[in-house]
Amino acid sequence: MSRRGPVCVGDRHGFDTIIDARSPAEFAVDHLPGAINCPVLDDEERRIVGTLYKQQGAFEARRVGGAMVAANLARHLRERFAEQPAVWRPLVYCWRGGMRSGSMVTWLRLVGWDAQQLSGGYKAWRRHVITQIDTLAPQLHLRVLCGPTGSAKTRVLQALAEQGAQTLDLEGLARHRGSVLGGWPGVAQPAQTAFETALADAIEAFDATQPVYVEAESSRIGRISVPPALMLRLRASPCVEIVASPEARLDFLLRDYANLGDDPQLLAHQLHNLRELHGGEVIARWQAWAHGRNLAALFAELMARHYDPLYARSQGTNLQQWEERQSVAAPALTPADIERLASAVIALPWQSLNAKLPLPASGENS
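Residue 1 is where the sequence shown starts when you use the UniProt record's numbering, and the numbers rise one by one after that.
Simulated from the structure, these hints should not be mistaken for laboratory data.
Some clues are possibly wrong.
[As the list claims (entries may be wrong)] With beta-carbon atoms standing in for the labels, derived distance ranges:
hint : residue 1 : residue 2 : range
1    : Tyr311    : Pro349    : 50 to 56 angstroms
2    : Arg80     : Tyr311    : 46 to 52 angstroms
3    : Arg89     : Val180    : 47 to 53 angstroms
Cβ coordinates follow ideal geometry from the N, Cα and C atoms, glycine included.
Start from the sequences, fold in the hints, and give me the full structure.
Here it is in structure tokens:
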């Protein structure tokens, strides 16, 4: 059996399984990529032990909690770990790398497995995530896809990935399309910490010598905030604008956002959020179209009166290389057209623009 010093976050890839020993509620908020949840205390047990600690002290909390931990560990040994071979090497963590993960490691090692405890636990992971984003984001060779609402930017990004390009799908990580009507149907956004975990995991996997395509985004995607280091890099990077006619964009939106017609009441409620910008009369008209499922009229006016003016104001302000942007024409935005657009984006002469990217400031990568 291996005996060694503390296991750091950077060593995690050398283990067969990563085990999160925290409660299911803690795990649901965020966890290490690929981890499985095998709690030593479930949510209610953790509440009970915490209450005992406050009201009766550490001894009573440990006496009661110890019995709960033993029962849970026995269950995991019978169920989740029952088929693991003798050479299995799990890495276990809890909140700080303390008693919960320590108790599991002790029992796993008694069985004969080379179990190890993650030094610093989840808190060490959070420090790692923040450091990786702040360190690696300024080094990315980003290429930013721009275009007004309905230009199929997300679909082009997906087509780029299918064609072998490196892509960073921020809306996919945030589970939101980024606009007032951008919520994914029936899907909640992740916690901010979980978004940052997924972001750091994606950035770490990139080949730093190759470009990364990303969609132009504001600093917030729904309720998720994009980390400042990444936003600064995105706004300083070269751009390509997808140029499509209003007719082509409307046709695309009617296909891509067709789900908005499934719940007219929810759509009308979302439109109410634009009341201060457009006034009661306009919003009443839009809500009437929503209730009548007249998405063609609604989307056409939303493009003309809301999204296109917003796009015109924001790009030159937020993107430093907007004036030097390249463009690709999109006569239509069918799936076949989107594949051709992705190929055209890859073929653009990007190299001359990369030189304009600012280098990370001194000490930024420390």
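Comparing the hints with the structure gives:
For the hinted restraint 50 to 56 angstroms between Tyr311 and Pro349, the CB-CB distance of approximately 25 angstroms leaves it violated. Taking 46 to 52 angstroms as the suggested C-beta distance range, the pair Arg80 and Tyr311 conforms, at roughly 50 angstroms. Between Arg89 and Val180 the C-beta distance comes to about 48 angstroms, which sits within the given range of 47 to 53 angstroms.
The structure is inconsistent with hint 1 alone, although it conforms to all the rest.
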